Structures are given as C-alpha cells and as structure tokens.
Amino acid sequence: MDATTLQVISIAFVLMTALLVYTARYQQGRRGRRRNWRRMPALERLPGWTARSIEADKPLHCAFGGAAIGGEHTAAACASAEFFHHVIAGAQQSDSAPIVSTAAATTLPLAQDNLRRAWEGNALSRAQWYPTGERSLAYAAGLTAALQDSDEPAAHLLAGSFGPELALLLDAADRRGQGSLAVSDQLEGQAVAYAMADAVLIGEELFAAPAYVSEEGRAGIDAAALDAWRGLLILFLALLLLFNLARALAPQNWLIIVLGGAALLLLAAVLSRRG
Amino acid sequence: MAEATITLAGFVLTLMVFSYLLGDLPYIGNLYRIAVYIFVGMAAAFTAIVSYEGLLLPYLQDIQDPTTSWTALGSGADIVIFSAAALIGALLLLKPIGALSWLTNSVFAVLIVVGAAVAAVGALSGTLIPLMSATGTLPAAFLSDFTATVDALLIVLGTCTGLYYFHYQARAGDDGAPAPSRLSSGLRYIGKAFLVTALGAIYASTLLSSLTILTERIGFLFSIGG
Amino acid sequence: MNDDFNWLEYAEPLAEAPPAPRPSALQRLRARFGWLRLPGLMRRLRLPKLRRRRGGQNADAGYALLEARDERPISQLDARLLALRERAEPAINAEAALSTVDELLTTPPLQEKPGGLISAAALSQAQRQQVQMLQDIVGAPAPAAASGEPARLGALPGLTLGGAPRLLLAVSMLLAVCLPFVASEYVVDELPPSDFGGDRADAAAAFEQLNTLTGTDYVLVALEYGPTSAGELDQLTDLFLRQIFAQRAKPLIVSSNPIAIAHAQNIIKRINGSVAAAGLKLVNNADYFLLRYLPGGALGTRELRENFADVARVSARGELINRNFKALTDMKLLLLVAESIDVMRNWVEQVLPASQRLTLLAATGYAAQPLAQAYADSQERIIGIIAGARDAYTYAEKLEAAYSTFKPEGAPQAPLPQPTAPPLTPAPESEIEAPALIATVASPVPAAATASPTPLASPTVPSIPSVTPPPTASPTPPPSPTPEPVWLVEVTSEDTARIRRGPTTVDDILQLAYAGDTFEVIGTNGDGSWYNILLSPRINGWIAAFLVEERYEAGGATAADASASLPREQTLLRWDYRASLGKNQPRLYQVNPTDTSIDWEYVLLRDRSLEAPRLAALSLGTLAAALIIVIGSVVGALRAIGGRRQPPASEAKS
Amino acid sequence: MGFLQRLGSAFSAIIAFLVGVITLVSLLLGGNPGLFGDLPQAADLAALLALPAAVLLRLVALVIALGVLIGIANLLLTHAQRLMRGRALSAALLGSFALTLFWYVARAGDTSLLEAVQLPIESSLAALLCLTLVGGAARVIAKRADIWSLLFVLSLLIVLLASLPWAELEPLRAWRDWLLRVPVSAGTRALLLGIALATVVAGVRIALGQDRAYRG
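From first to last, the protein sequence lines stand for chains A, B, C and D. Letter 121 of the first sequence, counting from 1, is numbered 121 in the numbering used here, and no numbers are missing. Letter 156 of the second sequence, counting from 1, is numbered 156 in the numbering used here, and no numbers are missing. Letter 206 of the third sequence, counting from 1, is numbered 206 in the numbering used here, and no numbers are missing. Letter 44 of the fourth sequence, counting from 1, is numbered 44 in the numbering used here, and no numbers are missing.
Derived by calculation from the structure, the hints in this document are not laboratory data. One or more of the hints may lead you astray.
To be verified - Below, simulated SDA-like cross-link-like pairs (lysine to any residue); rule was C-alpha separation at most 20 Å, straight line:
| hint | chain 1 | residue 1 | chain 2 | residue 2 |
| --- | --- | --- | --- | --- |
| 1 | C | K326 | C | Y218 |
| 2 | C | K326 | C | N272 |
| 3 | C | K269 | D | A108 |
| 4 | C | K269 | D | A46 |
| 5 | C | K281 | C | Q265 |
| 6 | C | K281 | D | D110 |
| 7 | C | K269 | D | L48 |
| 8 | C | K326 | D | L45 |
| 9 | C | K281 | C | K326 |
| 10 | C | K326 | D | A47 |
| 11 | C | K326 | D | L48 |
| 12 | C | K269 | C | E319 |
| 13 | C | K326 | D | P52 |
| 14 | C | K269 | C | T216 |
| 15 | C | K269 | C | R317 |
| 16 | C | K326 | C | T216 |
| 17 | C | K326 | B | G74 |
| 18 | C | K281 | C | R317 |
| 19 | C | K326 | C | D377 |
| 20 | C | K269 | B | A9 |
| 21 | C | K326 | D | G30 |
| 22 | C | K326 | D | S112 |
| 23 | C | K281 | C | Y218 |
| 24 | C | K269 | C | N284 |
| 25 | C | K269 | B | I6 |
| 26 | C | K269 | D | R107 |
What the hints assert, rightly or not - DEER-style ranges, computed between Cβ atoms:
| hint | chain 1 | residue 1 | chain 2 | residue 2 | range |
| --- | --- | --- | --- | --- | --- |
| 27 | C | L638 | A | L264 | 44 to 54 Å |
| 28 | D | Q81 | B | V12 | 35 to 45 Å |
| 29 | C | E553 | B | A84 | 33 to 43 Å |
| 30 | C | G502 | B | A86 | 56 to 66 Å |
| 31 | D | E168 | A | L235 | 28 to 38 Å |
| 32 | A | L235 | C | K269 | 47 to 57 Å |
| 33 | A | A262 | C | L638 | 46 to 56 Å |
In this text the structure is predicted, and so the values were computed from the model without any measurement. Even for Gly, the Cβ is constructed at its ideal location relative to N, Cα and C.
Start from the sequences, fold in the hints, and give me the full structure.
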C-alpha cells in the first residue's frame, strides 16, 4: 500500500469517525438518557471498595501509570481521568482523600485538577509523580514503597498505561490484602493485569468505563461511536475476506459471488438487529 | 579501582533489592525501600539532566547567541517557540489551583488535542489499516493447502469475534436490565477465548523476558562471588 | 458531584433477580464444564488458616467497619465484636448478589430506585442461581469470585501464613536459577545453534542487512529500553553496534526514554573500554552520534519524522552535530532495539510510514516477540525479529564466524595478527569533523569475495582515515582498476523492487531496492528473467529483469557495490564482543595489547564460561516456573472442587 | 455557572477545536506531494500543510520537557513533606537526587553513577518482577476458577515450555508455533485493533474539542 493510498484511507476514516462521534452525540441529545450497556463485572467491585474507603478511612489509590498527555496515550489518559473523576466523587464521604499517581509529568496537572474538582477539600498534595514514562519500574517500586510506608490504600484502581511493572504494584496490593482493579493499553501490562488483579477490564474497555460510572449520557459517546465503528470494521473484514475468497475460488465470476455474499451479510446484519 | 567500586556497589544494591523476598521484616524491609528511594531519586535526576541538556539547553544557547541556529526554522522562530513553551509550562502550574481557568484550560487543551491527534493519526496509519488489510488478505497457498486455509479463516474469525467481545451496547430486557441475545453471548464467548489465549501467551513471554534478566543478575552475583 | 455517581445503575441487574434465561447451547456447555467455575471459593487459598470467610465484597457494613478499623487478629477481638462478627458471617456467605448491600448503605439517592431495596439476604436460592447463570452467560467471573479483601490481619505479611508460599516460591526459583552457576555438571542445556536456520530467514536477513553497510552509511539506532531491560537487551545492542562499527557505518542513537540515552553513553563507553587495548577510541559526534531524547512517546517519534533535520542537529549534550541531515531517508537503515511491543508499535506507526524507502530492523526482548511478529508479518519493510538471549547467542556466533579470520578452518591456532597501537593522536572531542579513529586490521579477502580491493572514495563524506596495517598483516595492495567492464544492473522501476533469495516471487525477500540503485551481476537464471546480483561480497540475491536496466561500466563505484570493493578489513572491535555476554563489564581492556605472549584466542573466548550456565539457568528457571505454575493451578483447582462439595456454611467457622 | 465562566469554557472549547482541526489536517494532508496529483505547486503545498504540525509538535515536545521539571518539583516536595512528618527513608530519595546532580555537574557529564547504582537496582527490580510474575501465574486459577483461567494458564504453559531448547519438546514447539501464528495472532490483533480504534475515536473526539475531562 503506497503512502498516498494510506493517506486517503486515513482521511476517509477520520471523517467517518467525526461523523459517528457527532451522530452519537446527537442521538444522545435526543434520547436524553443513558444507553443500556452490557454488564462489566469488574466495575461492580467498585462500590465495595468505595465503602471500605469511606468506612475505614483508607484512601483509594488511582493510578494513571505512564499515560501521558501529549503522547500516544493521551486518549487513554483522558478516559482514565474521566473514570477517576467519578470514582473520586463517589468516595467523597471518606475522611481520607484519594491518592492519584502518575509517571507522566504532563498528566500531573490533570491529576491535580481531577482531585480539585472531584474532591471537596484540599487534596492537591495527594497527586504524586514518580519518574518516568511507560514501563517505569521507578514508578511502580517507588509508589509501592511510599504507599506502604504511610497510607495503606483500601484499593488500587490502576487504569491507564502500564507495562509488566504492574506486577510489582499488584503483588504488593495482594500481599497487603488491598483490592485492585487494573486495565492497561499496553498488552504486556494487560496480560499481567488479567492474571493478577482482583478485577480486570480488558484493553479498550478502559475507554468505555466512564460510561458505566457516570450518570451523564455524554460519557457514553465514545462507547457508542466505538460500537458503531466496530460493527463497520467487522463487516468490512467480512467483505474483504469474501472478496479475496471469491477471487481465489472463481476468478471469472467473483463479482457475482461478492455481491451475493454482501447481500447475505446485510440480511444477517438486519436480522440480528431485529432479533 | 573505579571498576571495583562499581562492581561492589552493584553487588550490595542487588542484595538490598532482593531482600524484598523476605517480606516486611523489621529493618530488613527498610533495605528494600532505601534501595528503591535511591533509585527513584537518581532516575529523577538523570531525567532532569537529559531533558535539560538535550531539549532546553539548545534553545537557551540559541537565545544567547543568535548567530547560530539550532533548528531548521532559525533563531527567531526558536525564541518564539521556546517562550511559548515556557509560558505554557508556567500556566500548567496554575492549572491545579483553578486560577485563570479559561487560560489554563486553553493551553492544556493544546497539549491534549495535539497529543490526541498524533495518537489518532498514528494508530490509523500504523495499526488499524495495515492490520486490517493483513487480516483480510488470504495466504498465497490458499485452497491448495487445507491447513493454511483453515488457519487463515480462524485468524479472521478470532479477530472479528475478539473485536466483537468489546461490544458495549446491550438491548434491555423486559425489566430494563441488559439482556444480550444468544448470538451475541456466543460470539463474545468465542472472542474471549481468543483474547485470553493471546493474553496467556503474552504473559509467558513477559515472564521469559524477566527470567532472562534474573539469570543475568544471578550471573552477575556469581561472577563477583566466585 | 455525587449526583454523577449512582452505583445502583449497574447494580440493578443483580438486585432485581432477572427471569431465568432460556437454556442455551452455551449453558449446556457450561453445565459440562461447570465444575471449573466455582465462584467465591478460590479466594480461600490465599487466606490464612485462622480466618476464612466467604463473599468477596464488604458484604456487611458492620463487618467492614470491624475488619477495617481493627487490623488485628481475630483472637484479639473482644467478645462483643466477635459476636457481631458471628452474626455478620451468614450474610457474608450469600454470594454475588450481596454486593448490593454496600450500595444501599452508601448511595444517597437510594429511594429513587425501589428495585435496589431488595435485600440480598432476601434472595431465594433459586434467585441466586439465576443471578449466577446470568453472570455465566456474560462469560465473566462472579464478582465474589476474586478477593478484594485483606488476606490477613497481621501487620507483617511476610511473617504470616500467606508469606510462606511466597518465600518458598522465591527460594525454589532462585535455587533453580543458581544451580548451573554453582555446579557445572548440572549444565545439560543445549546451546542454541550457531546460525539462524531455515525457519529463521528473517533473522538471517537482519544480519545480512547490517553486513551490507558501508562507510558512507548512517544507521538510526533507536535504543528503546531503559536499564530495566539492560540485562536482556544490552547484549544485542552491543553486538549490533560493534557490527555497525566494524562495517564502519555510523550510528545515530536516539530514544524516547531519557534514561536510555544516558545508558547508551555507558554502552559506548564499554565498547571503548574494550578497544582501548588497541589504542582505539570511538569519538562522539564523529564515529557515533548520541541525539537528544524524544519526549512524549509517539509525539517524540512523530517529531523525529516531521523534524528529522532538527532532531539530528543537536546531540544529547546540547551540542551542534554539523552534519546537515535533511530527512529520515538519509539513513540507510533504522535499527530498533525495543523492550516492549508498544514502543515498536510506536515506531511502526509514526516513523515507518514516512517513506517507502525506510527499512526497519527490529530486535526485541522475549516479551515483545509474539506481538512484534504480528507487525513484522503485516509489513514487509520490517526485518527481524531477533529476540531474546538465545537469538543473541546465535547472532554472536554468526558474527564471530563472519568476521573470523583468526581461526582458519583446520588450523587450531593460526598465527594471529598482533595489533599495535596506531600512532594516531586521538582527536579532541571538540573537533567535530575529526575523522573516525577506528584503526583496522586488513585481513585477507575471503574467497567468496570477487571484487578487487578498491578504497572507497565517496564525494559526500570525508574519506575513511588511513588504515594502519598491523605488523603481521600484509600491506593492502594499492587499488588496481579492474580492466574488464563490470556487468551492472540499475533499478528503473518506480516502485520498490524486491531482491529475493531465489529467482521466484515466492522466495524470501532479502532487501528492497529503489530506482537508481545499482548492483553487480554475477549471473542470470535460465530464461534471463532474473538477475543474480551481488549485495555484498558474500551475499547475492535475485532481482526480476523487468525492474532493472543492464549496463556495463569500467570498475563499479556505486554505493551498492562499494562494499563489495572494500577489502575485508576487520576492525579490532570484534575481539571481545562476547566478553559482554555473561557480564556487565568486559575485562579485556585490562590486557596490555602489545604483550605478544597473550593468547588472543583465549581472550576471545574467556567469558564463554558464563555463557552456558546462563542459558542453562534460563532453561532451569523456565522449568521451575512452569512447575510452580502447574502446582499452584492444580492446588487451586482442587480447592475449588473441594470447596464446591462442602456446604458454604461449614467453612465460615474455620 | 456564571456568565464569565461560560465564556471561558467556550473560549477553551474553540481553541481546542481550532488547534485540533489544524493538527489533524496538517498531519493527514501534509508532507506528501503525491496526494495533490498533478497540481503545479504540489510540493510547496504539501510542505506548507506539514508546517503547522511540525511547529505544534515541537512546542508540545518542549512543554513535555519542561513538564518533567514540574514533576520533579512535585516529587521532591512530596518527599520533603514526608521527611518533615518523620519518614526518615525519604531522605534517601532526596539525597540520591542531590548527589547525582552534584556528581554529574562536578565531573563534567560522568554517568558512571548510572552504571554503578541505578542499573543494578533497576535490573534487580526487573529480576524481582520475574518472581512476582511466577507467583501471579500460579495463583490465577486460585483467584478465579473458571474456564478462562484454565485457558490462560494452558496457553502460558505451552509458550513457556516450548521455549526450552530440549529436543524432546519438539511437538510442543509445533503447538506453540501454531498457537502464536493463529489464535494468539488473532487475539492480539483484536486487542490491538480495539485499542487503536478506541484511540482513533477518542482522539478524533478530543481533537474536535468534544472532551471535557480537562475543563473544569
């Protein structure tokens, strides 16, 4: 695929995404209420931890990991911030202000801002930075040592960008019997999270998590647009496969096969929407 | 001499870190924490040094001596860009206290928006499009080689169901609770199988990586000890 | 703010026991494998014996209060609290549905959701089963299955029961890994092969790619790993850099990890230390370039692509480099040593699309291997993947074989060319245009090389400094122009041309060529539709005839066959590259180079003593890890089965 | 929300939208003359379109470098406060920071402390990671006894054991190769595509000024 084709497809993709985002937003405005989301069992652990934080005066620990504003994890950092905002607001009755940690210096203002807006009371000093970047052992180890030294969090909510160093955080949490929810947009971190965390979100579920903890409909725009795009991508993959298959099977009549297959696919899609 | 000191320091610090394995014993537990704190302090210092020398120093020199240009844009542009960056950096300090929010929000927006756009365009041209076209392409030996055919179809199936696994919207049942259809549950079930298999393999390779590092460390300890 | 946050919303399905779904194929499947899924039971494995309870959530607020406020063993609780705890237990035992109780107690807008008021304790057994079924259909573990609760009450977890298995695990792992170092008779490992075999054509191609570099080439080396992965990747970096130096190409080292830049200085320092014996020194900003670090991950790599001229203008120490690189295409090759798939993704996403002329040679740790492969398979401009310690061993072997003129076959101890310190005064570092100070030892041209030696004279870069011949080596003959015209082909295709291992389109791609590239021809296939061309003195490949135009020239001096005309000069850099295999510090430079009594062969091989134990330790460690995981899993599964058979109430008391 | 606040919010939304659209256009359209076909000024146009992104990228990169200084200030302050509260260990952090800076400046850019201190500690921590990873894997089934955990552990074990170089394990290596080539490749692609898709959707939404995570 040459550069120009790639560019043209990219432009079309971005325009389509913009369209879907605006459509989702418009629909949201019209419906005026939340959509119905499938269950995410991991998030159902949150109330227990919040209660624990409130009743035992132990802070919640929200970690961005290496998700940096300005880098490729910007989107993940924003999703995490939105998620943490609601969690922190939910733990408001606790006497112990949540701790927000990050390994990315540019995310620090976001973390502090999060605390300022979601927490009534001065909690600025509860936002902590450790050096630096993704896969930072300094972050994981330093944070573990510092947290265990003083505040024993009720639970760790690790949502953002983590590498395998996540194992250190999760192991320490496990040792101390603190709850943990983990999700990472890095695959190694995700694998570690899956094995070791008490509650796991997988990959892009991070981007939908705000929709689950927020009452506001607009938190679900991403999830709705994502769903639409995903459907289109799967359809496209199926068509691409069909196209290639038809060309391999019947080089002369491939167009007929593709059209027939596409019609069937469309029918199946319509039927599955109905039923 | 210097060589020996470096080696000895490495030996002692390695043992301090490994004391983690003994758990939170009194005093010994602190050895681990001391090592970690030393490490964090040093990492912060080196980060500061590298950021300053590589990124800030050239601009500072440029401002001092306008005859040499340190970037392709020329000295004047450099000074403007550096001043703008310094201003944004200063405004970031105001962000947490909520002062001048219209201004701090705006400069923060620049950071976020540029990062998000770069990430989006990169993910598109580097991951989404190449991976999609690679998934939809059939192998050359398609049809003539039965196993290759099955494999190719399995990959498409796994990718599609794996993607479908994440689908968030669910139809509401009679009672308002999400009630996914049987088809949807089944597809997600298959998708999850692929995802979990992949995560297991990734976990294993991560483990192998860290095991390699462990053997290197142990080898290091023995090379001094023995 | 609290009105944003209504836990009831998603707890609803739990609280309002939904109608039982129709039995489906999925459920029948589940019924068959149902014994594998035993929610809420497994967590007991991790609890100390003195205190077990069921129900993952803080199912009862009173209980939570009691447990959290008083972090002390149950035995120390007073009678009143114990009684309270007794009362709390039955409620806790109700499994998944119980999580709602917390929400009832903590969520202010409770009354808005009458459905949420149904107490979990009021759920009937049938209802609970239905809840469970619903969870199973979604394919997720019941919330209660995993523990979010303190595993123990003690303040010193290392000393409690929970700590014992951990310590046992650590000790057994460490024992397994230590064994090969202590007792060499346990080293039963098979060393990796000394060449990349048939199924590793990608890795072999990577080696050849570096081997075709010449003195005019610049290589962008991305060291995307911090000291964290140094134990795994330093060895590969060391090998790559030495090979690049040996080919007299110049690396530009970048990283988006600030510490990696500082660490790269130490790697070069180490190489310098090991060649110091021969009086050599690699000079910063002449033989190699350390560029400034790229902040912001993807943004930094994107900046490298957009503003390469700027990035390659300033060194890591904030000095001007004065090379006037214009664009990424000035680089012959991109070499990426990545610790994770995400950094690799970054480079593939942000940098590689910049130009179709860019080729990325990728090396990773084990961790990134399976994923990196997904990328390498989807893009043909990615060469590699070279991954992990075993590949590094093979690479070292191959490198040694390729550069070995020390050890002619059949002669166990050939007379060695003894280097003398070249009488060159090292240029001060400030002198930026100082010529590279890599002295070389000219060695006989291997038989496979066909071209006669011609010193490289390129108009674009300063010529390579004069070679200091060692006393034992014969002086390099003066260049004699080849009398016969050289048969060349020039690539004319506007698209990328592929050079393949054989004269068919299904053969492996060795490298890519672009319009204007010229190669020397050594033959054609039967019908003349493919040319067999020389990529380097010892490597040939095939290119389709329609992509090229043939011509004859008196003595080729094109970039592509320049390497062919270079004498097989061996830099001294190769002497100890394996010294770093087992250790951080190569010790070679402690040897006086002028001391002719030293057995160089011995020096070359001396650190091999640690090589085999390390690889054996890797194997034993892997085995031990697998065993531990199997045992842990079996115990976990047995507990799950045992736990399911026992009625829940009987365990709460223990 | 007062009028001024609303005005400020609108202002930042407009800035975000403008910068976002400019960056997107510049990144998508710039730098490739081939996109403009036969246009006579194609090269100039491509270069012009690429310019805003280049300037913005440099600006943001610089801000990130400056941001590190903010982060370090935060770290030092946090630990100075801890020291005041009697957590003596924080002194090690402050001390090592000061020592490293002093050493580097006094010895003209000598990074041997990195080699002597940071490398051993960091490598050891990474080695420690191995033990925690093994422990974590051993507890997977104990944590969640379901078919997914079983699948996870099986896949893990196959890849782990197949890495052993012993000849007896040849069949296992064949399995591993298939596993990596087919299901793992498919699962990885699904994960990567999912994250990339989410990045694109969220990225475009943010670039269009639709995100409020940072505007309070």
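The hints, checked one at a time:
1. C:K326 with C:Y218: Within the cut-off at roughly 13 Å; holds.
2. C:K326 with C:N272: 29 Å, violated
3. C:K269 with D:A108: 15 Å, holds
4. C:K269 with D:A46: 43 Å, violated
5. C:K281 with C:Q265: The given pair, whose Cα atoms are some 14 Å apart, holds under the 20 Å limit.
6. C:K281 with D:D110: Distance ~17 Å between K281 (chain C) and D110 (chain D) Cα, so the pair holds.
7. C:K269 with D:L48: 42 Å, violated
8. C:K326 with D:L45: The given pair, whose Cα atoms are some 19 Å apart, holds under the 20 Å limit.
9. C:K281 with C:K326: Violated - the C-alpha atoms of K326 (chain C) and K281 (chain C) are around 28 Å apart, more than 20 Å.
10. C:K326 with D:A47: 14 Å, holds
11. C:K326 with D:L48: With Cα atoms ~17 Å apart, K326 (chain C) and L48 (chain D) stay inside 20 Å; holds.
12. C:K269 with C:E319: 19 Å, holds
13. C:K326 with D:P52: Given pair K326 (chain C), P52 (chain D) holds - Cα atoms ~19 Å apart, limit 20 Å.
14. C:K269 with C:T216: 23 Å, violated
15. C:K269 with C:R317: Status holds; Cα separation ~15 Å.
16. C:K326 with C:T216: 15 Å, holds
17. C:K326 with B:G74: Holds - the C-alpha atoms of G74 (chain B) and K326 (chain C) are around 15 Å apart, at most 20 Å.
18. C:K281 with C:R317: 19 Å, holds
19. C:K326 with C:D377: The given pair, whose Cα atoms are some 30 Å apart, is violated under the 20 Å limit.
20. C:K269 with B:A9: This hinted pair holds, its Cα atoms lying about 19 Å apart.
21. C:K326 with D:G30: 17 Å, holds
22. C:K326 with D:S112: 34 Å, violated
23. C:K281 with C:Y218: 19 Å, holds
24. C:K269 with C:N284: 10 Å, holds
25. C:K269 with B:I6: 14 Å, holds
26. C:K269 with D:R107: 16 Å, holds
27. C:L638 with A:L264: 44 to 54 Å: Once the Cβ atoms are compared, 49 Å apart, the range 44 to 54 Å for L264 (chain A) and L638 (chain C) holds.
28. D:Q81 with B:V12: 35 to 45 Å: At 29 Å between Cβs, range violated.
29. C:E553 with B:A84: 33 to 43 Å: 54 Å Cβ-Cβ, so the 33 to 43 Å window is violated.
30. C:G502 with B:A86: 56 to 66 Å: 59 Å, holds
31. D:E168 with A:L235: 28 to 38 Å: 46 Å, violated
32. A:L235 with C:K269: 47 to 57 Å: Taking Cβ atoms as reference, L235 (chain A) and K269 (chain C) lie about 56 Å apart, which means the hint holds.
33. A:A262 with C:L638: 46 to 56 Å: 52 Å, holds
When held up to the earlier numbered hints, the structure conflicts with 2, 4, 7, 9, 14, 19, 22, 28, 29 and 31 and fits the remainder.
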